Every structure is written in structure tokens, then in C-alpha cells.
Amino acid sequence: MTDTPILRIVGLSVALPTGADRHHAVHGLTLDLHPNRTLCVVGESGSGKSLTALAVMGLLPQPEVRAVAGAIQFEGQDLLALPERAMRRIRGRRIGMVFQSPMTGLNPVMRIGDQIAEQFRFNGRDLGVDPRRRAIELLASVGLPDPTKLLDTYPFRLSGGQRQRVMIAMALALEPAVLIADEPTTALDVTTQAQILKLLRELQERYRLAVMFITHDFGVVSEIADEIAVMRHGELVEHGAAGRVLGQPAHPYTKQLLAAVPSLEPPRRAPVVAPIVLQTQALAKTYRSRDRMFGRRREVIALRNVDLAIRRGEVLGLVGESGSGKTTLGRVIVRLLQADSGSITIDGAEVSQLPRRQYRPYRKRVQMIFQDPFSSLNPRRTVGQIVAEGLLAHGMPAPQAHARARELLRIVKLSEQAAERYPHEFSGGQRQRIGIARALALEPDILVADEPVSALDVSVQAEVLELFEEIRVRLRPAMLFITHDLRVAAQICDRVAIMRRGEIVEEGPTSAIFAAPRHAYTQELLAAVPGAAQLALGQAARPVSATVLEHEPK
Amino acid sequence: MMAIMHRLFRHKGAAFGVGVIALVVILAAIASILYPDGPWEMVGGIFEPPFQRAHPLGTDGLGRDVLTSIVYGTRVSLLVAFVSTVVAVTVGVLVGAVSGYFGGRLDDLVMRVTELFQTIPSFVFAVVLIAIFTPNIGSIVAAISVVSWPPVARLVRGEFLAIRHREYVEAAVVLGVSTLRIIFVEILPNVVSPVVVLASLMVANAILLEAGISFLGLGDQNLMSWGYMIGEGRSTIRDAWWLSFFPGVAVVATVLALNLVGDGLNDALNPRLARRGRA
Amino acid sequence: MVHNLFDRRDFISRAATAAASFASPGLIGSAATTLALAGTGARAQEPRRGGVMNIILQPEPATLVLALNITSQNQLVAPKMYSGLLTYGFDLKPLPNLATSWDISPDGLTYTFHLAKNAKWHDGEPFTADDVIFTTRDMLPEVHARARVNFSQVASVEAPDPHTVVFRLKTPYPGFIYAFETSSAPMMPKHIYAGSDYRNNPANARPIGTGPFRFKEWQRGSIIRMERNPDYFKPGLPYLDGVNFVVIPDGAQRLIALESGQVHLASSSDIEFNDVPRLRSLPQIQVETRGYEFLAPLTWLEMNNKRKPMDDKRFRQAVMYALDREFIRDKIFYGFARVPTGPINSVVTFYDGNVKRYALDRKKSEALLDEMGLKRGPDGIRVKLELNPVPISQTWMRLVQYVKQALRQVGIDVTIKNMDQASSVASMGNHDFDMCFVTNTAFGDPAVGVARSYITSNIRKGVPFTNTCQYSNPRVDELFDAAAKSNDRSERQRLYSEVQQILVEDVPVAWLLELEYAISINRQMHDVVTTGLGVNDSFDRVYMTA
Amino acid sequence: MNGALYIGQRLGKGVVVVLAIVIVNFLLIRMAPGDPAMVMAGESGAADEVYVAQLRKAFGLDRPIPEQLGIYVSNIARLDLGYSHRMQRPVLDMIVERLPATLLLTITAYLFSLVAGITLGAIAAARAGRLSDTLITVFSLIFYATPIFWVGLMGILLFTVTLGWLPAFGMASVTAGQGGLALGLDVARHLIMPALTLGLFHMAVYARLTRASMLEVFDLDYVRTAHAKGLPRGRVVRMHVLRNAVLPVLTFAGLQAGQLIGGAIVVETVFAWPGIGRLAFDALMQRDYATLLGAFVFTSAMGVVFNLLTDLAYLALNPQITLDR
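Here the protein sequences come in this chain order: A, B, C and D.
Positions 345 to 898 (this note's numbering) are the ones given, in order, by the first sequence.
Positions 69 to 347 (this note's numbering) are the ones given, in order, by the second sequence.
Positions 675 to 1220 (this note's numbering) are the ones given, in order, by the third sequence.
Positions 5 to 329 (this note's numbering) are the ones given, in order, by the fourth sequence.
Chain A extracted, bound-state conformation (with noise of 0.2 Å):
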């Protein structure tokens, strides 16, 4: 049944500042929310889904974006036209939105209680309630413990998900029938993801809200998704009720972002026979600061105890949520750290004693690839430069090493003229491209990917995954692939380590770990992945073709 809808967005267009890559941000964009209904509006970055929900908002940066035609009818009226007084009493009272960012949303300033009481002084007076009485209840109906306390405490001693908790509290708190939300959970843990996710499902279904859910993750869709609607380019391309559209996907674009994402059933590997290239025993790491301001110590014990063991050519999934010591295990191996104690053994060697003199020839061999595409190459240098780096560092003459970084450019399918350009000029992907390439130039046997893909979009995540998959086969060499995402682990690593709190509770192949996690850390892992169960998403990562690397190894 199709009630009548509660707010209808009516061939909405939004415009870019001119210099911008394109003329509309959105265009000619028909949307309908119904009440007790979510609707998933989803695409990749850059895709129009965040600007639209603040043109309904009201929210968009003016007068760089501004909504140049179409309308939002919502009871009765047209938002974009009502002017900023009228819109002000829209917002919250009657359409609440809830952000991405949860460490950034709260004002550091201010008490929990008092950011959501003000709502009623300053907005919704004619309420006739009891500001603190309501708070304590909106905390206590998203799930926050003795909120009576929390009133009175300030953000920052709050966690991730405890605070998307509080700033959904604070968006419905003067009841309103629509609820906005841009990208919720994108930034918090796969665990506290379920949990935020299962209480948006119960507030939707308690207060017969009309929600507008933004997301670029399917997992994420197919989880709280009655209807899909996927955008790119500011256009809508494919909308539809969920099952029909996840099932049966209509537009291309679609079937593509769907084909892109990483499927949770590992693929069958054989295990890898080869002589053991990087050990670990007991490493141990703890994060000593001295509080400048009072002089107080405080500890953070980032590993306790980590053993593992990497293969030529094998490929092993390091998989942890934030806080669980992944990030420092890979510094520490690459020697951007100091572990506390324990030993690193490459090729039977051990390694992490050796002073700065006698470690360098085993610099060569280990090499890492970062996360951030935006901050691991260095804005004021060429690519070309950045890629030769390490040759140029190890002794090889300039114009050899340069030609080899031209030819690596190659190898991660980048055109050599990238080699004069500067890393401004090229996407996100491309430069995870030119990270890798820069990676390989000294051929190491180790490679360390501190989360290579996590910042990118799914399908150009995708196109790197592959690259992976290419490098795996041609180069062999020994990967520690850090990750969050079980997605990604289940398509990418022969063998994977769960880690939690500095330790690593379970490891071993794959497709054993997934099929049947023993330790329950792990269990409760895989089921928190969003969209594991309700359908088997996306396929195996498609065999590698040998045509791709005509090079050699050395």
C-alpha cells in the first residue's frame, strides 16, 4: 500500500559554485519519503546524495550552492521558498537530521544536557515540557546508560557510537515526522554500526517515522532499506522498493556498484607452500604521553604479546576494529616504531634490535602502503619525484630510477606523462595507484597495506582491489593487508588474524574463519557485518589475466 507521501521532492536541482567540475551538483532530482518507511538514497562520492538532504534541510552553503529550481513539498508548503525564519521552525521541530561525524558534532563546550534542552527553550517553547525531564527521556530511548548523569557530562568523554546516540536523541527530540540521516554510521565500527543501525530501525518503527537514510555502503542498504533510490552525477539512476532493486538491479550503474562490492564468502584458496619471509614473536607496545599541561602519565597498551607469521606470497588479513593495535602492529614491522619488546625475523634474521646503520639494507626490503590518498604523497613534489623516492635514496643513479618509476606508473595503469604532473591534479584512487607504485619501485619481499582501500569509493576500491590481486600473483610477495573490513579480507587474504585489544584472539585460513569463527570476538564480527545476511552481495574477485604484468620480476 502506498499512503500518501509526507514530504515530496519535486524535480530538485542544485547548482555548483562556477569552477566546479560540473554545472548541478543535483539535477532534476523526484523523491518521495513516506511515513514509517526508510528510503536509502545511495551513491559514490561526489554523487549529489549529501547536498540533497541539506537542500531539504535547508542547510546548503550559501550562496556557493544554491536549489535554482524544483520544489520540496512538505505539508503543505514548499521549503525552498519559505524564508529562513518559517524554514528555522521547520527545522527540528519537523524534520530532524543526524550527521556523519560523531566526534565532530557535538559542541566540546557545552553539557550533553543543555545542547538538547535548548532545542525547547529556543525552539519548541509552546511544548509545555520539562527540557531536562525530556532529555533524560530522549537518552534513555536511544539506549544511553544513567542518563540522568549524562546530562551533565561534556562530549568528549563520550565514545563514537555514544555520541551518534546523543545526536539522534537530539534530532527527534521535538518529535518530528522526518528524519534525515547523512551517512550515520560510516564513521564508526562494524559492532557499534549494528547497534546505531537496529536503533534507527526501532525509532522508525516507534514514532512511524519517514526517513531519508544516505549511504554509499549496500551492506548498509540491504540492512535498513525499504526503498532504494541510487544516484550518480546528481541524477537519479535506478529507484525502486528494496528487494526489487537489490535483487534485480535495472540501471547498469547499478549492477555495477553492486557487482563492486567485496562478497563475505572467501574464495577457495590453496594454502601457500613457501618458506616463511617475516616473523613475529611477543611483540609488545605500549603508548607512554606525559599530559604537558598537569604532568600526569597516562598508558595505552596498543599490542600485548603479537605472534605471526607471513609467507612468500601470501597474503595475510590483519582485521580489527579502531583501538585494536592493527595500525601499530604495521609501524612497528615496517620500523616506523619501536615495539617495547619481542623480536621481528625477516628471512631468519632478527631485525628490530639492530641499530639505524645496520637495519638500512633491510629498509629495502619492507615497504608499506598508506591509507589516506590525500596525505600520503607529499603536495609539493611530482609524481614522477615521489615514486623514484626510494631508487634515488638507495643509490640509483637519478635518470635510471626515474625511467623505473615511469615504468612502475605503467605497471599500476597510470600514463607515464603522470610522472611531471603533481598529486593535486589526480583522484583518489589514482593516487592510491601511485602509492603502490611507489611501493614496489624497490621491489621489497614484505608489504605492509595499512587499510589501502578504505577511503575510497566502492568501485574504485574495486579497480585497487584488482591491482592487489595482480601484484599478489606477479610479485609474490609477503602482505600484511590491515583492514576493517571483513568484506575486503573475505575477496583479498589467504590466511587472517582477528585482533582486539592489542591481541590477536584467532587466526587461519580464510574461508575456515569465515565458514566457522570460533572465538566469539570473531562471531559477533561477522555477524555485525551489515548485509551479511539477508543476501550473498557481489562475487569473487574476477582471476587475474596474465597479459596484465608483461615485467618480470626481478
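Bear in mind the hints are in silico, worked out from the structure with no lab data behind them.
One should not assume that every hint holds.
Subject to a maximum C-alpha distance of 30 Å in a straight line, what follows is the list of computed DSS-like cross-link-like pairs (lysine-lysine) [what the hints assert, rightly or not]: (1) D:Lys61 to C:Lys864; (2) D:Lys61 to C:Lys1135; (3) C:Lys1037 to C:Lys980; (4) C:Lys1038 to C:Lys1058; (5) C:Lys791 to C:Lys908; (6) C:Lys791 to C:Lys844.
On the chain B side, residues computed to face chain D include the following (Cβ under 10 Å) [claimed, not checked]: (7) Phe119; (8) Gly131; (9) Leu184; (10) Ser190; (11) Ala194; (12) Arg302; (13) Ser312; (14) Phe313; (15) Gly316; (16) Val319; (17) Val323; (18) Leu326; (19) Leu328.
Predicted model only: the values in this text are computed from it and were never measured.
Note that beta-carbon positions come from the ideal geometry of N, C-alpha and C, so glycine has one too.
We have chain A already, so just place chains B, C and D on it with the hints.
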């Protein structure tokens, strides 16, 4: 580089600033051609009022032409300002880089010293230094440099601390690039823009400092400086207001121009701010 | 609020604001009558009691005890509390003070002073000859530089009776009569200072003298207050009820205070010379230039006679010819000066004007320099020298810059050394200078104040205000020595005339100015400047009208 | 780690800073050419070696420098700032006597510059791009570029010489005999121009800083959340933007306190304000080491105290650094 210049000039304030600075530099260069006899020559009656043919800005207590003095005053201001800033920036960058990159005991020491300089009233300290080492152009430049390097050191240290943990620096470490090369190739180029902006503001501040020092009578007696002229005009402010007024205007114009250029550079060098067209 | 924050609290509560009402406690009876008095302070006014005088003081002296501090500021303040045996008229003739009469033996060796019978110290103790002996024999020689020189001539001093003092000199010294001016020999109370550490005697906080006014209060940094001494040894005097010295650090503020009548007297460098003409035009202000005859300040450009080329007389003469001293007098000191002819100020005894004159003559100056072989270089410069500055006020610095510019025109390129007053004086004292400026005081007699700058015996490295130009001429030494000792006035005049002839020919220093400091007085005050000491006198005869 | 310990720690650090300043200056001044003995001798008319030597002994200048330093530092510990032979008075008395004047001037100027600076900065940021923003920006640009003493002089020229509204010199008019309120008003009238002159430059600095800081905060997520809650613009600007934007300004102001006090030396000279700045300047010219150093110790100490007070204000406003964590 051209893009930066283009953005700089789009910032109308900066364009005005660059214009004024150019004028001041040109005046300083051709002063001895414009007025070969120098500022100390007694060319007219004493205390002649401004805005008349012979002496457009009037004359002072010894019949010296105010306009000539202002033109010659540009030399002292520019010389003191630029030399002291170059010295202060060089020292500041070196100290900041070392303490920012290596941290530890050295960093603590550097922080203590810069805090010490921050607490001392720097103008008073400069005045004492100059009085001690006998006021002359050399001691003025030295004194201003001594009090102006700490802010640069703090800025560079901060930038180094931030950039040092950026992934592209860690990548260089992993690649086995030498520390010196990392400092000079990876980090320093990215510190240039904030330092350039600070440098322009430091030149402005140095001019104010020099003017204050000369005003108190600690300037170089043989060099005509704006601060000296303002101080000289003070005792006869009632009947010869122009003696203090015009050199003051010269100081304000030059310092204002430098500040505008500083703002312009700031927006030109980190474009994301420019987007909001901050004046 | 902290008390001393408003340290001006009860300052001149009445005088300035309500000019008409003189409700000072001491004048209860005649308050009504003064109300009727109107009109200007014309000379015909009868002197009458009452009123408090406010005098500008800048900077504040370190201590008021005149024996311990004879800076120019204290010479203005202390003579109101202390007295000397004598004072001196405009013509520099000695006049009675604590000494009612005196006589000098024909051989000029014995000086007998008859003291005022009824003089008392402010604490009531009687003033006797013992005080004079203690002061001139014990205290002053130890703490007072000038007195030490003057009284070093004394062979013996005794007091035949409590009111008579007899000085016997080793050799005749006619200048000795000028040694008894209040600041040169302030009489100090023996019963307080005898045997004590003069410098740290507790009594220094509240000076005890015999003068017309008694110390009342000193709020540091703002005001010194003195009240009328009822037992002053001159009957019926002083007329004023009190005198206040107001510290006003800023030049412009001193001007406003004077114009608005808040203050009645400004002297020496309190007011910049360029402001005096405007002050003179104001109805309520009278400008007096007399009163500096005793000090007779003379300013000259000192040249280090031991350094090339200043050792050559012709160079020094060339410098004299290069300086336009009329311009200095009129354009820099606004006419408050006289152009000197030689080493002795024209108001001082034994001055002789018919000497060689050095009018401005740049051609002659350049001729002399050429004759010396100091040809102009390609850049027009003959020689490069250094000049010490006088950074005490804008007027003096204008003089320094004028001299530099004037010498530049004849090819002498002078660089003004960057130094503050302290270093400038230090480099003069250590003979470490090319050229510098000196202002010297004559103290009435050439033997006392003039000789010291030119006699070879007074070339003393490390001590400023001596023969720092290191001029040495045996004939000049002889003449000064003889003149100091001779008792015969006409003989001394002949000797001093010859000395002036020689010095003007040798030009050891370039004499620039005989300063006539302007004394600005509010017309309400009368008989302020009555002696050669000017404002440095006791003010016991000053009186105030409406 | 309670508040008292924190204050104690900061004060301890402050004392170390002041001590370091004193030692540095003591050594510097001793290296200066010329010394007070010569100046004193010179000014007293005639002088000879005996008199100069006497003075030098009285000043203790004949003892080796390290010994003099040792004595001096031990005296400082006992708050005995030494004896100024120039003024024949203990330095401490002279400074304590002038401390209220300087405190009155600097505190007024400091508060004025902070409050006015932040308010103007906030207005400019809130109305970014509009007329009031341009006016305030230009206004602060100009005052940021104007030498303090010139502002003072022009103020005197305008308000005293031409218009005659305001007194230009000293702390109280010479005729202010009356006590209490009348005197208070009179001092207030005298305070206007010096405090404004000293404050305007720093006000411009804080205005620019507040504006920039607020513009940055406008873009932060919690401000967008505040807007999404439908709060009135005034509330958002005041409670969410300003409260966060003011924190960096306070830190900067705390550090800059020393500079403001440094400016006092010039302002006190121009306006003949009987404070420590003027005392330091006169002492400098007359080579009166004891007084100069005493003045320095106090101005630095004031810098440390101002810095600490501003830090405490910062702590009060910024809950993230709680003392009792």
C-alpha cells in the same frame, strides 16, 4: 608560482599593499637622486607650515625639509625591517625545525626559551639591548632580530610536529630516505607558505619596533628615521603638528601595506581559505 | 585606593582654583581684605604676607640635603631651607645673609664674618660660629666637591666668639669671597651631623636648615612641600606661607600647568626655548632673563687638543669661523643667549671684550684648512671626525645637528656618536672624544669657575668638567695662577685681559653661547629674581598678590 | 592534581622566568659603556678622582661582577630590589609607589582590548561580507599598523590641543586637591587616552584573531548540528560559535600580555603617566641599574601574572582540560 601571484593580485587589498611597498622601495632607492643634499641640509626657515610650494610637507626646527626626511626615512625602516626579519626567520626556522623534528630534551629547552621571550615585554628588552650596545643601526637590527625569532621558531616547530606525522613523511622514512633529506625535501617546502606569511607580518612589526625605538631617542643619530621625526616633533606638537603627523602616516601606510600583503599571501598560499573571499 | 595613588591629594587646595580666596590658616585676619585687592601685581604694590608659591621641579633631586647634592635641581630647592653666609647682587657684589657683615684684611689673607645674632636652626637650636667651622672645615670638604676646592685655600678657621668667624688663608685668594653662596657653602647643623656618617645620617630625610622655609612633606615623584619658618632671622620675613615644588615630567604638561596658573614659576630647562616667546606674550606671565649672573653658564664646542687635526690652532680657528653663532642664538635658542667673545662670560667679573672677533666667515675657514694641507677630497670631505651628542632635550640636539651641518659646509665631515648622556659624559671625562659640548659655570670669579678648564694642572683623566680638552700653555697657567693670588683688582683685570687675549687667539675650544635661561613667573608673584643667584636664592622677600 | 597545584606549578614556572630575565639583564647592563658614578660626578658641577672613586665604592661597582650578581639575586629573593643611589631611595619603594599607576593603566587597557577586540571580531564574523564586517576589518587593519606612540600623539593633538576635551598628561590634574569621587573622576578622565592608546593596537589584534577563529568555527560540524536543531542564528553564534572561537584568542592574549606591558613604556612617556614604564625609561637614560632592573622584574612578573590569569579564564571556559580528571 604564477598561480600564486595571480591569486595574490586578485585579493584587492594585497594589490594595494604591493603597490605601496613598491613605491617605498623605489623612494628608498632614488632618495639620493631626488634630494642629493640629504635630509640634514637646512634648506628653509624653521617651522614652515606644510602645503606650500617650496616645502610641501613643511620644515622642522632647523629648517630641514620634512618631505626629504620622510623619503630618506624609508631607507632606515626598510633596511632595519628586512635585515632583522631575514635574520630572525633564518634562526627561527633552524631552531624550530630541529626542535620540531627531533623533539625530546632539546624541544623542551627551545620551548622554555621561546616562552621566556614571549613573557618578556619584547619592546622593553629591545630598548635595553640597544641602550647597552650603544644605539646604532647595527644594534637596532640585532635587538629586533633577537626579540622576533621566537615566534618563527614556535610556528616552524608546530608545522614540523604536524607534518612529521603525515603519511608522506612516514613513507620517506620507510623508503630509507636520510633524515637531512627528509627535513629539507619533504618537510621544509611545506612549511614555506606559513613562514612567508609570518615573515611579511614580521617586517611590518619590525618597522613599528624601529619607529618606537627611534621615538624614544635610541635611534641612530646619523640616520634619518620616521620614529626619530615623530619623537622630534613631540615637543613642538602645539605649533608644528605636521612634524609628527606626516612621518606617522608614512609608518602606517607602509605597515598597513605589509599586513595586507601578508593577508593576501595567506589566502593565495592556502586556497581553501580564499574560497570564502575573506578580505 | 592606595593612598599614594592620589599623591596629589591635598596639593594647593586653594591657591590656583579660587584666586580670590586666601583662606590659608596663617592669614585669618586679613583674608577679608585681600578679597578687595584687585588688579595686576604692579610694582607699586606693598609686599604683604600670605599665599603659597608652586614651582616646577624637573627632574626630582635625589636628596634635598644641599651639602650632599649640588645638582642644578637641588640648587633650586634647597636654598629655601638652607642658607649660606652671603648672597650676591646682579653685579656680583657680595650681600649679607647669615653673615650680617664681614671684612677682609688688606693682605687678603684674613676674612672675618659677623653672624646674625638671632638665627636659629629649624629645630630651635641656635646657629653659632661653631656650625660655620664644622661646616667649612669638617663636613663640606668631605662631601662637597666645589667647597673642598674653595676651602683647601684655608690655613685656619676660628670662632673668637659665638657670632664671629675668622678664616686665615694660606695665600691671597680674592675668589674666596665667592665661596659663601648658599649652594657653594650651605651651613649645616653641627649638633646633628658632627661625628655621623654624613651620607646616611637619618636627619637627611627631614632637612634642618636656617632658611626662610621649613621642610614639611615630600611625596616622591610628585611634590615637595615647605612651610613658613616663623623664627627666620630676618624679621618679618618670609612673606609667603609656604613653597611647593611640583614634579612635572613632561614638557608639554609643564607648559599647560604654567599657563593655567596651577604653577607660578618655571626656570632653566623646564620650558623648551621655542615655547618661551609664546609664554612671554601671555598677560599672566612675566619672563625674566636676569638671575644667572652668579652661575654665568657658558657653552662651548670642546675639541680634543691632543688629537690631530684639532691640535693645530688653525683648525680650531677654522671651526670658529665656520659656525654662525647668531643663527644658534636666534634660531635654536630663540634669542635667550648672548654670543660669547672668549673664555669668560660677559656677566662675570674681569670680563674683557676687546679681543679678536670670530664672525661667520666660511671662506676664511676654508683658507685656513687649505693652509693646513687638509684639501677637499673627491667627495668634498677634508677630514672625518666624531661628535658626542647632548641627548638631554630637543633644543640641544638641534644644536648638535646644526654644528654637524655647519662644519659639513666647510668640508669637515662629522659623525654624531650614538650615545646617551651617561656615556657622553663618560667619554669626555676619559678624554676619549674628538669633539663634544660643555656647559660650564663661573661661580662669580674666573679663578673659581673659569681657570679650571684651561690650566695644565687641572688635566685629570677620568674626571669630567676639568681641562678635558687638554689645552696646555705655560703662559696661561702663569697668568691664571697669578691672578688667583693677587689682591689688587686692577692687577687681576690686567692679568685676566691678557689671558683672554691668548685664549681667544689659541681657541682651545669654540665658545658658542652665554645662556640666558628664561625664568617664567606668574605675575601674581613679585620680587622673585632679586639677586645674581636668581631662582637659586632663598625667596625670603617673594610676596604674592591677587 | 587539583587547581591549586596547577596554579602553583605555573607560578613556579613564572618565578623561574622572572629570575632568568633578571640574570640576563643584570649581565647585559654591566657590559654597557659608562657608569652611574661618572654621570653623577659630571652632573654635580666640579668633580675629582676622589669624589668619583667615592661614588663608585658607594654603588658597589668596584666589586667583581659575579659577586655583584650573587648579592643581587639573593636580595631579589628577599624582595629587596637594591638601593638606587641615583634617587637615594630603595628601588622597591619607588616601584611600589608607581605600581598602582601602571596596574591601573595596563589592566584597563588589557581588559578593554580583550572585550572590545572579541566583540568587534565576533560582529565582523557574524556579519561576514556586510558593511559592518568591512568597516571593522579596515578599522582593525589600520590600528594593527599604527605605532602606539603616534596614536597617543595624534590623540593629544586632537583631543587636547585642538578640542580641549581631554587632559593629555599625568594621572590627576595638578588642581585635583579634592579626595574621593572627584579625584576618581579626574583620574578617570586622565586615564581615557593612555588606556585607549595602549589598548587600541591590541584590540585590533584580537579583533582580527577572533574574526578568523570564528569563520573557521562556522564550518565545523557542531555548528551545522546547531543549525539543524532550528536554533535562532543569534543563539548559534553566541553559544556555539563564539564560545569555541574565543579559546584560541584567550591563549594568544595570555601570551601577549607581556607585549602590552612593554607598550606601557612608550605610552607612559607620551602621556607622562607616573608608572613603572616611565621609571624604567628614565633609569635607562641615567644608567640607574638598580631601578632599571627592579622595573624589569616587576614588568616581567606582571606579564607572568597576566598570563596566568588569562590561562585560568581559559580553563574556566574550556571544560576539556578539567583539573580533576
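For each hint, the structure was consulted:
1. Proposed proximity of D:Lys61 and C:Lys864 is supported: the alpha carbons are some 26 Å apart, at most 30 Å.
2. Among the hinted pairs, D:Lys61 with C:Lys1135 is consistent with the structure: their alpha-carbon atoms are about 19 Å apart, no more than 30 Å.
3. The straight-line distance between the Cα atoms of C:Lys1037 and C:Lys980 is roughly 26 Å, inside the 30 Å bound, and the hint therefore holds.
4. This hinted pair checks out: C:Lys1038 and C:Lys1058 have alpha carbons roughly 20 Å apart, not beyond 30 Å.
5. Restraint check for C:Lys791 and C:Lys908: the C-alpha separation of about 10 Å stays at or below 30 Å, so the hint holds.
6. Distance check on the hinted pair: C:Lys791 and C:Lys844 sit about 29 Å apart at the alpha-carbon level, within 30 Å; holds.
7. Hint status for B:Phe119 relative to chain D: violated, with the closest Cβ pair at about 17 Å, above 10 Å.
8. The restraint placing B:Gly131 at the interface with chain D is violated, with a minimum CB-CB distance near 22 Å, outside the 10 Å limit.
9. Taking 10 Å as the C-beta cut-off, the interface hint given for B:Leu184 holds, the closest approach to chain D being about 5 Å.
10. For B:Ser190, the interface hint holds, the least distance from its beta-carbon to any beta-carbon of chain D being 6 Å, beneath 10 Å.
11. Here the hint on B:Ala194 is kept, as its CB sits about 9 Å from the closest CB of chain D, short of 10 Å.
12. Checking B:Arg302 against chain D by beta carbon gives a least distance of about 6 Å; that is within 10 Å, so the hint holds.
13. Using the Cβ-Cβ criterion of 10 Å, the hint placing B:Ser312 at the interface with chain D is satisfied: the shortest such distance is roughly 5 Å.
14. The beta carbon of B:Phe313 is positioned within 10 Å of a beta carbon in chain D (closest approach about 7 Å), and the interface hint is therefore held.
15. The restraint placing B:Gly316 at the interface with chain D holds, with a minimum CB-CB distance near 4 Å, inside the 10 Å limit.
16. With a least beta-carbon distance of about 6 Å to chain D, the hint placing B:Val319 at the interface is held under the 10 Å criterion.
17. The closest approach between the C-beta of B:Val323 and any C-beta of chain D is roughly 4 Å, which is under the 10 Å cut-off, so the hint is satisfied.
18. Because the closest C-beta pair between B:Leu326 and chain D is about 8 Å apart, less than 10 Å, the hint holds.
19. Interface hint at B:Leu328: satisfied, since its Cβ lies 7 Å from the closest Cβ of chain D, which is below the 10 Å cut-off.
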